[in-house]
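Undergrad: Protein chains in written order, with the working numbering: chain A, 1 to 329; chain B, 1 to 233.
Everything labelled a hint here was simulated from the structure, so no lab data went into it. Even glycine gets a Cβ: it sits at the ideal position worked out from N, Cα and C. Please note that a few of the clues may not be correct.
[As the list claims (entries may be wrong)] Derived list of chain B stretches under chain A, where covered just means 3 residues or more per stretch with a C-beta under 8 Å from a C-beta of chain A: (1) 7 to 17; (2) 45 to 57; (3) 64 to 70; (4) 74 to 87; (5) 191 to 201; (6) 205 to 214; (7) 222 to 228.
[Said to hold, decoys possible] In silico DSS-like links for lysine-lysine, alpha-carbon gap of 25 Å or less: (8) B:Lys-32 <-> B:Lys-70; (9) B:Lys-208 <-> A:Lys-134; (10) B:Lys-43 <-> A:Lys-307; (11) A:Lys-17 <-> B:Lys-180; (12) B:Lys-70 <-> A:Lys-320; (13) B:Lys-208 <-> A:Lys-299.
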Amino acid sequence: MSLKIVKAGILDTVQDKGRYGYQHLGINPGGAMDVFSMQVANILLGNDANEAAIEIHFPASAFLFEQDAIIAISGADFLPMINGEAIPLHRPVIINKNSVLQFRELKKGARCYLAVKDGLQLPSWLNSCSANLKIGIEGFLGKSLQQNDRIHFKTPNDYTSILNGKDTRITPWKADVNWDIFSVDSIYVLPGNELNRLEEESKRHFISDLFKISSLSDRMGYRLSGPGLWSTSEDELVSSAVSFGTVQLLPDGQLIILMADHQTSGGYPKIAHVITAHHSRLAQMRPEEKISFRFTDIKTAEELLLKQHQHLRQLENACKFRLQDFLKN
Amino acid sequence: MNDTTATYRVFPLGDSAFTIDFGNFIDISVNKKVISLFNYLQKEKLENILEVVPAYSSLTIYYDVLGIKKKYPGQRACELMKKTLEEILLKNIPGENDASTVTRIPVLYDGEDLLFISQEKNITVDEIIQIHSATNYRVYMLGFLPGFAYMGEVDERIAAPRKQQPRLKVEAGSVGIAGKQTGIYPSASPGGWQIIGRTPLKLFDATKENPTLLKAGDMVQFYSITKDEFKNR
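Isolated chain B (complex conformation) (with noise of 0.2 Å):
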């Protein structure tokens, strides 16, 4: 890594896969080194690597233990692959570039759970309105849901806690809040998060050549539209 005080630990995740963890905290510089990582490899195609899934503060890779068996017979794959990734973490690899492009999400800020953050930050709805929409956000990693994007920082004065009995069915396009973070919800799924708007963007579009309209590394902002604005999409 270019950074000499990266600091990480490399675990195995069952007998097919590596994590290298870079600490358990939400960092926008512990990410950058995530997703520049995440990158390199994906551009090397490194042998036997299955995938490469970036998370908030670690990358996990899976690797094809019968692949590796195969070419070196009576070696252990794990001993192999968990060397090949210590030698690339040596490596200089350069830091990821800024976001060139904000991706800008329409909102109609019309949410559920409006009132219960409005009461429990003490702040008017408009207030939250104005302080969602302030901020560009980085999109830490995608899971949960093909497409939900795990995006941050929210600021303190909204960043209310997830729900303590989480909904049976969230609908596709609401933008909630956890902690501080915020994401879309790309389909219709149960869910906890404290849901303050929608967006008649499609966040997961499976007949598109790119079918998420956003990964990991992207900025957003969020801007309020009116309802017919919201119809009219």
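With the rest of the complex left out, here is chain A (with noise of 0.2 Å):
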């Protein structure tokens, strides 16, 4: 009843949605890097939306099933295929025994999340399962997936009648996971409390030019590479807290944005803070994208939070009994 990783990939780790409570310890939250496609592939599954996920990152693993299982995917697509059979996304697919699971290409996006049904059986430390790869604690809570691993699935499941010979069985609904339609392509930013302390050249530039995303991006943060931006001030700041999504000027002139894996506090000028509504958005932009921002208010931020949290409300209440009346067909 387990899931084995017969190929490790570059960096697939198990995640939720973080370790809250304990950044005055210095412990970071961690977590999912887009906690919106993680909660959707759940929810997809009838899980709670915060069951622990695989966030795989491609080149990705790949995975066997040594049990029957019922699976969803969100977040970027990377091909998955079941012993070479493309599976779509954002869709319950019953698997057989015995199938692999491997992601083929780099298409969309930077991370995609697979979910299993009922949840995956795993450690816990403060109250999350979310891997950090920097604290030196046993199995999956301190690393990425290995050769080998194997974790358990929380209930055993025989799909045997409803697969009926077949490798997979693809359930016919899907989920809309376009919330977010009449925003621009734009991150949406609200300003940050250093803000002012950038040139007016510098702080057009912020708004106006394009930011490439480098390849020294990581779960820490993004390393962005565009036009030197200037600082009034030689004063430095001392340090205090930071957040997922909190953009910071370095000494060099370019931008870093902090991302899940962000220490819990910093002494570089804070220029803005991505909006929560848009960090699913960031963390599927890959090095070498170009970003925009545009600032925005406090209201937007607040209400593209609310909406986005509706969509996947309505989607809980779509999804509810619908697998299991599907099984029981």
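Using the hints, put the two standalone chains together into the complex.
TA: Quick look at the structure:
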């Protein structure tokens, strides 16, 4: 009753919503880079939205299902395949035991989420199953998935009758993930406390220029390369809290956007903050892609977050009994 | 706050947090205010406050936007939270008591940067050790890494600036100096502090219920140990 990693990918880890409440001890929350997509995958399966899933980067791991399972994959499109046959994103897929899930090609996005119906049996630390690779803790809490690792399912399942001899059975419904159709293509930000340290010309560059995500980007942060931005003040800041989405100005005039594995505090000027509702969109951007920033207000930020949340609740209601009914028939 | 001279500014840290900023400086009395407010909020566990993070001279409050919006439909979560925080700031919150105990931390002073500090500050290595271990330090905040305590104030005579080029790997337990701060790396990490020694103590242990040895507001004293004592710990 498990999922076996037959080939390790570049960085596949177990993630949930993150480890909150311990930043005062320097313990960062971590968690999924794209919580929205992780929640979509779980909701499709009738799981708790914040059940831990596997966050997959490309090149991805190959997974062997040692038992029947129902899965959903959301987020980036890496062309998932079961035994060489393509399977769709954003849909529950029933999978026969001894099948292999592979990801063939980096088509769109930066990371996808593999959720399993009823969840994975995982160790938890400080109320979260999210892997933190820097704390030296045993097992899936402290490492990325390696060859021959096995993750057990919470419940054993047998879908022989519904699979009827086939490797997969794809359910006829699909999650609509486009909740944000009215926003323009920019990343929306709120002003940071030190925005006014920027020289006027640098401020103009910040809102009008494109910033390329550099190859030095990872789960901790996206380093950007763009026009040099300059501060009018040489005064150093004493360290204070920073969060997911904080855009900091580095001493060399370039920007960094802090992502899921950010440190709890920092001392670089905070130029802006990516609104929470756009974390998902940002997390699906990858190196070489270009970002344009657009200032918004807190009212819009809250409304967009609520809209995203309501979209998930609607999906939840739509999925609630569907899978159960499908399995019965 | 109990001190009427306390001035502060509340600014949003994105759409889900506020920082209460008492000024851009390192000062014991300011940090005490931060910690007493932190302790108060940790104890009160106010609705929809997700977590509270103290720093040198500021306190950041993360809140649940959706939780607030659910309870007060149509209202702005940030406005309600700001009002809540401003009411708390007007309260007479008792000041933090001084830490009753001092955590003593053994250090083998054999760090790679002792020589640099000795040259930079024109002082002998023995004097550096003597000065570093003579002071009681306050833990102002934790950050950077799980269990990393920012402590101060380091005596001006040994206050060496950060390295120009950070090391790619500083070992766990390394004791360092950065300006007037001193700290201990709880785990191996890249880092730019001047390394003066190492402690055999574990500053961070994920298997423990209290995973960090130190917390903000603690007092710390270092004492010198020999190589044999280090090995036998």
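Undergrad: So is the segment 191 to 201 of chain B in contact with chain A by the C-beta rule, three or more residues under 8 Å, or is the coverage claim wrong?
TA: With 0 residues close enough to chain A, the hint is violated.
Undergrad: For a C-alpha distance cap of 25 Å, please report whether Lys-43 (chain B) and Lys-307 (chain A) respect it.
TA: violated (33 Å)
Undergrad: Decide if the proposed pair is consistent with the structure: Lys-17 (chain A) and Lys-180 (chain B), CA atoms, cutoff 25 Å inclusive.
TA: It is violated: about 37 Å lies between the C-alpha atoms, which goes past 25 Å.
Undergrad: Quick one: see if chain A covers the segment 222 to 228 of chain B, three-plus residues with Cβ-Cβ under 8 Å.
TA: violated (count 0)
Undergrad: Verify this for me: three or more residues of the segment 64 to 70 of chain B with a beta carbon less than 8 Å from a beta carbon of chain A.
TA: holds (count 3)
Undergrad: For the pair supplied as a hint, Lys-32 (chain B) and Lys-70 (chain B), is the alpha-carbon distance within the 25 Å limit?
TA: Violated, because 35 Å separates the two Cα atoms, which is more than 25 Å.
Undergrad: How does the segment 45 to 57 of chain B fare against chain A when you require at least three residues with a CB closer than 8 Å, holds or violated?
TA: Since 8 is at least three, the answer is holds.
Undergrad: Counting residues of the segment 205 to 214 of chain B that have a beta-carbon nearer than 8 Å to any beta-carbon of chain A, does the count reach 3?
TA: holds (count 4)
Undergrad: Holds or violated: are the alpha carbons of Lys-208 (chain B) and Lys-134 (chain A) at most 25 Å from each other?
TA: Holds, because 16 Å separates the two Cα atoms, which is no more than 25 Å.
Undergrad: Tell me if the straight-line CA distance from Lys-70 (chain B) to Lys-320 (chain A) falls inside 25 Å.
TA: holds (21 Å)
Undergrad: Examine the segment 7 to 17 of chain B for residues whose CB is less than 8 Å from any CB of chain A, and state whether their number is three or more.
TA: n = 7 at 8 Å, threshold three: holds.
Undergrad: Count the residues of the segment 74 to 87 of chain B with a beta-carbon closer than 8 Å to any beta-carbon of chain A: does the count reach three?
TA: It holds, with 3 qualifying residues against the three required.
Of the numbered hints listed earlier, those contradicted by the structure are 5, 7, 8, 10, 11 and 13.
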